[in-house]
Structures are given as C-alpha cells and as structure tokens.
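> Protein chains in written order, with our numbering: chain A, 15 to 120; chain B, 100 to 257.
Note that these hints are calculated values from the structure, not bench results.
These numbers were taken from a predicted model, which means no experiment stands behind them.
Warning: the hint list may mix true and false statements.
Capping the alpha-carbon separation at 27 Å, the derived lysine-lysine pairs in DSS-like fashion look like this [as the list claims (entries may be wrong)]:
(1) A:K116 to A:K17
(2) B:K249 to A:K21
(3) A:K114 to B:K215
(4) B:K215 to A:K27
Okay, here's what each chain looks like letter by letter:
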Amino acid sequence: MSKPRVKLPESAKVGEVIEVKTLISHVMETGQRKDPEGKTIPRNIINMFTATFAGVEVFKAELQPGISANPYLSFFMKVPGPGEFEFAWVEDGGKKTVEKLKLNVV
Amino acid sequence: MRPTVHSKRPSRREFAIGTAAALSVAALPLSAVLAQDQTQAWELAVRKILGEAKPIDGKITVELPEIAENGNTVPFSISVDSPMTDKDHVKAIHIVATSNPQPGVATFRLSPQSGKAAVASRMRLQRTQDVITIAELSDGRFLMARRPVKVTIGGCGG
C-alpha cells in the first residue's frame with residue numbers, strides 16, 4: 015500500500031460538521047479473477063478502514079471485494095474540539111497502514 | 100369384444116390434460132427453486148442485516164448513475180435524513196449488490212459524532228442489477244432503498 019491521501023478542510027470550528035475524504039492505492043483483488051494459467055488470484059483487499067479523532071472512533075467502514083480498486087471514502091464528523099485524526103487501513107492478512115493528521119480547529 | 104369403459108385407465112385426452120396439469124404443477128416449484136438459486140446470496144445478505152425486522156421505505160437518498168459505463172468503478176453517495184442525536188441516529192449504512200458474485204459491498208458504521216449520515220465511495224458491479232441500501236437506526240428500525248443500475252462493461256473481473 016502506498017501513502018494514503020486525506021483531505022480535510024483547512025480549518026474548522028468546534029461543532030461544525032466537516033467532510034473527510036480519503037484515498038489509498040490498492041488493487042482490491044477480489045479473489046474472483048484468474049491469472050493467464052487459469053489459477054485463481056487470491057483475494058487481497060482492504061477489509062477495514064477506521065477513523066479515530068482525539069482517541070475516539072468516529073467512523074468505520076467494513077469493505078468487501080465489491081469496493082473498487084484504490085478505495086475512496088467520504089464521511090462526516092462533528093468537530094468535538096481540537097485534536098488529531100488517526101486513519102487506519104487494514105488489509106487481508108492484517109497489514110495496517112496508518113496516517114495521522116491534525117485538524118486545524120479555530 | 101370391447102369391454103365397457105369403467106376401467107381406471109384414462110383416455111388419451113384425459114391423459115394429455117392430466118399430464119399437462121402435472122407438468123405445470125411440477126414447473127412451479129422448479130421455477131421457484133431456480134429463482135431461489137439466483138437470488139439466495141443477496142437475500143441471505145439482506146436477511147443477515149435485517150434479522151426479523153421489516154424495513155421501511157424512504158428517508159434514504161442514494162446517488163448512483165442510471166447507466167454505469169464501467170462496472171469496475173461506479174461512484175455512489177448515500178445520505179439519510181437523520182438528526183444524528185444520541186437518541187435518534189443512523190448506526191450503520193449497508194450496501195448489497197443483488198447480482199454481484201459476493202453481494203455484500205460494504206458496511207459503514209456511524210455515530211452521533213458523525214454529525215451527518217452521509218457516505219460516498221466507489222463500487223464494482225458485475226452486470227446490470229439492483230443496488231440495495233439499508234440504513235440501521237438507533238431505535239432498531241431499518242430504512243431500505245432499492246435502485247437499478249445499468250452496467251455497460253461489468254466489473255469484478257468476472
């Protein structure tokens with residue numbers, strides 16, 4: 015997995031509802047495809063994404079092979095106060111990619 | 100000498116009618132079985148989400164293209180009309196694609212902290228089919244919406 019991309023508003027007020035957009039490069043191999051020799055290519059997807067803000071989980075996505083390659087996610091959060099986001103993408107087999115980003119609360 | 104016709108043996112005509120009736124009777128369960136085979140996977144996926152609950156229509160806005168040219172990446176966004184308070188909020192949004200090899204697409208878990216019950220992503224659709232969206236509410240109720248999507252080139256690498 016490559017470095018993920020996260021888009022937050024430049025600044026936010028306490029109580030404001032903000033949109034969070036994330037994107038990560040990943041093949042999201044479904045387990046349905048076959049290689050040129052006819053062997054099934056094993057499934058390899060990001061099966062879970064979580065967003066935590068100031069230590070509290072604010073969003074979770076349980077993903078299946080029906081989600082497209084390079085999964086894009088958009089969701090919302092009501093800003094409880096200043097804090098830092100921690101985003102985690104978990105692959106089949108447990109490999110985890112974590113990205114941290116501070117929200118500029120004014 | 101010809102016996103008087105009191106035998107149980109049916110005439111050709113009766114036999115033909117009887118056979119047709121028997122065939123149509125047999126055809127019913129067969130078609131039911133076939134239909135079940137085709138729909139079972141997504142129905143099971145929906146049942147797993149709903150349990151015994153009866154979903155209610157409405158309050159869900161699903162944005163999906165009417166015609167998806169590329170089934171590998173079909174953008175969607177879902178929003179549910181909800182105040183997102185502690186007492187009344189959307190706990191989860193589930194997506195089921197009725198004709199995908201694996202019908203379950205994703206489950207998004209929300210909370211009052213979400214502020215707004217809206218998510219967006221991109222999905223794979225193997226062929227033209229209905230996409231079902233189910234919103235699970237904090238009071239135990241479910242909202243359901245069903246949308247057909249025409250797929251020009253299928254996804255899933257099928």
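> Of the hints given before, which are not true for this structure?
Those not satisfied come down to hint 2.
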